[in-house]
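2 protein chains.
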Amino acid sequence: MIVDRLIDEIKKKANPTALGLDTCAEYLPDGLRDKITDFRSAARAVLEFNKNVLDATADLVPAVKLQAAYYEMYGGYGMDAFRDTMEYAKQNGLITIADVKRNDIASTAAAYSKAYLSRSDIGVAAYGFDFITVNPYLGSDGIEPFLEDCKERDRGLFVLVKTSNESSSELQNRALADGRTVYELVSDYVAEWGKDLVGHYGFSAVGAVVGATQKEELAALRKRHGKMFFLIPGYGAQGGSADALAAAFDDGAGAVVNNSRGIIRAHKKFPGLKYCDAARKAAILMKEDLARIF
Amino acid sequence: MIVDRLIDEIKKKANPTALGLDTCAEYLPDGLRDKITDFRSAARAVLEFNKNVLDATADLVPAVKLQAAYYEMYGGYGMDAFRDTMEYAKQNGLITIADVKRNDIASTAAAYSKAYLSRSDIGVAAYGFDFITVNPYLGSDGIEPFLEDCKERDRGLFVLVKTSNESSSELQNRALADGRTVYELVSDYVAEWGKDLVGHYGFSAVGAVVGATQKEELAALRKRHGKMFFLIPGYGAQGGSADALAAAFDDGAGAVVNNSRGIIRAHKKFPGLKYCDAARKAAILMKEDLARIF
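As given, the protein sequences belong to chains A and B, one line each in that order.
Under this note's numbering, the first sequence has 37 at position 37, and the numbering climbs by one with no breaks.
Under this note's numbering, the second sequence has 262 at position 262, and the numbering climbs by one with no breaks.
For the record, the hints were derived by calculation from the structure and aren't laboratory data.
Glycine included, every Cβ here is placed at the ideal spot set by N, Cα and C.
Careful: at least some of the hints might be erroneous.
[Stated by the list, open to error] So, partial list: chain B residues that the calculated Cβ filter (under 10 angstroms) puts toward chain A:
1) ALA25
2) PRO29
3) THR163
4) TYR201
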């Protein structure tokens, strides 16, 4: 099962890092950005950057997370770079996560699931990621089509539970009349949605997105759901630290921690290094930082 | 302001219908579907269908809503058809709504906003819709980048408040400790987010998505927010009726009602008619149905 493969890769590389490829023109080093004149050349530069960063880090990291928004900025060309990056990451043995945060009513959720996890209605797959992120605001019938494809094609989901941004409290930490918070309620649904997709480590392929900036909620959620797998964004650029993450892990498993700008913009932090070397250095530093608590 | 233009078009055509182009191979009439062998030909067939349906209905309907999921199934080719359909609808004088339900933390929400409302970081626009739909689960800082582009480029948003699907109650109708429901709380944020974007009819360019299937909530929300503009999906195929919508309107304004499958699959209902003629007939029947309460 895909969640077991993810855990195996984390154990093999002794590193729970997901390389976050939020790649866009603005973030590229000068030499690559200078080549861009239109969407086609932007998509080509993004893909070249992604491949080089993957070459420099694939032996270190078990997974890659692609943030769709940055690719969507460049129209159809951007989506081709999104697909080609996913394929290159798969060729390099990485688990692939599409951070798309999709959500809709059942018939439309089925179309999103066909797009990112499965095959379109003409039988061809546009992408075929191992995991995607989804937003729970619509409730169970908007999640069900994704679950069906997860079962049929050995895929997984990460459902937004407690996001890394400051305003996430406005709705997610709101107290319900039944005593739970909204994020606790959603986490209980996530546990329910994932109950038929539990792998041999005891974790389900239906996990939760919980921000690295949310120390208390990470601990509370781990206590509430001993075997729920977490995708943890917000480490590094957003201010989340390894210490905050200690409670999220369970005997070296249980979570994958995403770092995007901290790795793909490392050439800004280490100006003496080429961008690939800077990315590798940042990935090694992150691995060492997480080793303290992982 | 874009919300005024939408209201003017609704008044001019005496019709609050949004034509929902949820077009995909599965929904196409046989003659078009038979031409499809790959994503390129699928996207071409979808675009041909959309243009013909727009030709047959553009004099009747003020707005068009494109459901991104169906186009995303066909990768980059699908997104080209998404863009070309939007451009054709604009050439025909229609207000364009991208139903993308995007949501993310601020830096990524900014990328989504650049993709769908504004211009990418290389200064070129991939799309440039008049309105997009967004999901509120992340709170204010995830909405702020969209609001900035709305102000700068005269665009609008429809925020998911109470969706048309049955499971929407699981989270959206949950009672909060403060006495509100979750959807009421979200609607209060929508009012706040839209307060700097109020047009001359008194409605804001930041509106709410409320399902046609939600009769009670439509009435409660209209009572709570006298001048909040509603995008109402779920009429027709999902079972929403004109009677349920009566409370949503305010003196012939205040809402636009989407119909997708009821129009684009009308050739299934009226098998003697060509698909364009069937779509036109369905659009006329809907206009007449809504005229009773609009």
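To see whether the hints hold, each was checked on the structure:
Nearest Cβ of chain A to the Cβ of B:ALA25: about 5 angstroms, under the 10 angstroms cut. The hint holds. With its C-beta approaching chain A no nearer than about 15 angstroms, B:PRO29 sits outside the 10 angstroms limit, and its interface hint is violated. With a cut of 10 angstroms, the hint placing B:THR163 at the interface with chain A holds, because the nearest CB-to-CB distance is about 5 angstroms. Checking B:TYR201 against chain A by beta carbon gives a least distance of about 29 angstroms; that is not within 10 angstroms, so the hint is violated.
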